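Trainee: So the protein sequences, as listed, match chains A and B. Residues in the first sequence are numbered from 1 upward in steps of one, following the working numbering. Residues in the second sequence are numbered from 1 upward in steps of one, following the working numbering.
Among the hints, a few may not be true.
Each pair may be met inside one copy or between any two copies, as identical chains are not told apart.
Dumping the calculated DSSO-like pairs for lysine-lysine here, alpha-carbon to alpha-carbon at most 27 Å [stated by the list, open to error]:
| # | residue 1 | residue 2 |
| --- | --- | --- |
| 1 | K359 | K333 |
| 2 | K114 | K379 |
| 3 | K199 | K116 |
| 4 | K379 | K338 |
| 5 | K73 | K248 |
| 6 | K65 | K37 |
| 7 | K323 | K356 |
| 8 | K338 | K244 |
| 9 | K156 | K65 |
| 10 | K37 | K338 |
| 11 | K256 | K156 |
| 12 | K256 | K73 |
| 13 | K37 | K64 |
| 14 | K233 | K116 |
| 15 | K211 | K130 |
| 16 | K73 | K114 |
| 17 | K97 | K219 |
| 18 | K356 | K37 |
| 19 | K156 | K114 |
| 20 | K130 | K248 |
| 21 | K65 | K219 |
| 22 | K199 | K130 |
To be clear, the hints were calculated from the coordinates, so they are not data collected in a lab. Please read all numbers here as calculations on a predicted model, not as lab measurements.
2 protein chains.
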Amino acid sequence: MTSKLKSTSLSAESTETEILCIGTELLLGNILNSNAKWISEELALLGIPHYKQTVIGDNESRLKKAILESALKCRVLITTGGLGPTQDDITIQTIAKAFNAELEERDGVWLDIKNKLSKKANIISQRNRKQAFLPRSAEIIPNPLGTAPGIIWSPKNNFTIIALPGVPSEMHAMWKQTTASWLRKNLDLHGIFVSKNLKFVGISESNLADKVSDLIELKNPTVAPYANLGEVKLRITAKGKSDKEAEKLITPVVAKIRDRTGKLFYGSNQDSLASIVLDLLKENNETIAVAESCTGGQLSAEFTSISGASNNFIGGVIAYSNKTKEDLLGIPKTLLEKYGAVSPQTVVAMAQGIQKALKSNWAIAISGVAGPEGGTKDKPVGSVHIAVTNLQSHKTSLENFGEHLSRPNIQRLSVIRSLDLIRLMLLERR
Amino acid sequence: MTSKLKSTSLSAESTETEILCIGTELLLGNILNSNAKWISEELALLGIPHYKQTVIGDNESRLKKAILESALKCRVLITTGGLGPTQDDITIQTIAKAFNAELEERDGVWLDIKNKLSKKANIISQRNRKQAFLPRSAEIIPNPLGTAPGIIWSPKNNFTIIALPGVPSEMHAMWKQTTASWLRKNLDLHGIFVSKNLKFVGISESNLADKVSDLIELKNPTVAPYANLGEVKLRITAKGKSDKEAEKLITPVVAKIRDRTGKLFYGSNQDSLASIVLDLLKENNETIAVAESCTGGQLSAEFTSISGASNNFIGGVIAYSNKTKEDLLGIPKTLLEKYGAVSPQTVVAMAQGIQKALKSNWAIAISGVAGPEGGTKDKPVGSVHIAVTNLQSHKTSLENFGEHLSRPNIQRLSVIRSLDLIRLMLLERR
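Given these sequences and hints, build the entire structure.
Mentor: Set out below in structure tokens:
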């Protein structure tokens, strides 16, 4: 699956867009800037070039400066935030001041706000009347979910400012209802972007880049690598006159990459390692169970985050103490005493124990030292044993992630490696 | 516990800082800008004023322009991203070009990189050698987790650029180890900020704000509410000449808030609901086990994310299928057939089953419909049953989170409500 998106015109200047998110809570780090991410994705889908995002607090002089800077450089400035009824909401007022324009109470807006407020509360605050005052020549963006209207306003030639509220649900609704179609109609958009993500495990970003270095030099499609903890992604983006033309450019590059990377490639776009493992199990209608020690539920959570996982994932045991390993997985006390909880023998017994208890086709077991305490000379923090078993055989793996890694990272990498181990076994079996 | 932080000087210009996040993936909306949020919080804790954040793609001319613009306005520019080994990682090179400086291979850096790489892979990519080339006079920020070193470099008077990698874990470690102390030592910070977060569960942000509306009007300390999924936080920040003076301002406000909120308050600062439950269990040296259905491991993961959890959390079962509920929890088939998997009877049997199997003092069980599929008229998506049992008694709770909620949100809220239920039982028992 590829995502289709309209592309940039040849004259970038006529469509270039910037995002300006307004709110002191962003500068204090109180909230993640999910609005910038959301709008970025929407702009990419529309094929509108966008090279800069800015965050400014609720401060008039700084905000005015940022708006005027953008007005010199881009075709459209999209702002979020500062449309509320309180004193620190100053976006509309500041936009107007920046271009020496007057605000006027626009017909029907205050009535609409009063109607909306009366459905929620008995007392209507006069504060909200402020939201009806907008620049005279601005087009109003109706807000289907809240009181604050947005505006689309061109205070000068070839520059339009689109002001949206900061509440994500309201902003999304106003984008879909009004903003996107305005952009499509008023910007000079040509061509189509098609983009595809390929995902890899078991290789570093630089080693993957070495394998495809000639493709990274390509101009259309472009190929760009991104690293995550334990995983790497290649994003391939093509520009064409049509979907078909763009996809035609992508297909041979994807084929080349897959040819060079073999089983290091595990999936595309929305796939996760867990979803791919579930897909492979589905092929033969097989089930899987897990026994987790140091990952303490994270491997199970990875499977069960996927809707419909219950068709193949039947459950598991969090065996966080030796006693639990004995009681629920039937591991002999003697084995635990002889080899210890973090050992290939124990992890195989855990996998076989849960497989037997739940009569699953496959089982994964993980036991290790996630730290920061509990490391020894023989078994330092970061040593993790993994076992995967099916009805015929089993495989084990000892990972040494290193003592410097944090507990969450050791837990996360253990989950990734265990999913990759079973993925490779399922692929081999094909 | 309160965190101590140095405060802003009176001459803001001497400390003003900007954040510049570099990466085309941010402009494409592929990832949330968690680095900007994280650094913002750290700057606020240090009391360093910060009025602007910018995001730029992996594009030399735009990046150079952004760097030079900041150099005119602020004392410190903190960048993240673009320190990797691939062609599109251009931060160090562009910073150097912006100030017409040469890069030179710095002693020992390539050796250190090779050592790190040899632990992970057999083949060492020559690409990584690029990471050893840094501006001559730059101070190196060691990277304890990855290959990319950062730099602290003052290319001109009263302007320092701090370049950090984009990988969050590496950036955090380098901030804590090197960057924060450099900022503390080199910026002209006066006064002390002391900040304390109080955490609440079982009340909405606006209802909590109503309870403390008079305190929200205070100037020193300030009191600000923040909402998270299922939880609310009040951040109290005081400014004083010393830690002691600032803490003296905070103490009576905290007392007032706790007096008005009672058991709705659950903890401070780094506390989580799971850590508080573990602390309460520790008081009587008790153990807990869990049986999870629709949360599929997330409750266990919440406990085991805490180092030392194994003293009280002994394990659990992910009973994702009815068969698992029968096999591992000993729930009679007849009970499951009569009441269904999502019922108070089943969830109590699950809790009692795991408690019996693991001989724990306490047990939590969760069973519900996390969606998006699987809802019925009687049991729509978002209905979740929770049971908490100890050796004497049990409590159950039926949550109706609503069909509009996403699967991850229903799973998360189920975990929060189950932890709050046992927390209240543990408090009552005191």
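Trainee: If you check each hint against the structure, which ones fail?
Mentor: Violated: hints 5, 8, 10, 11, 12, 16, 18, 19, 20.
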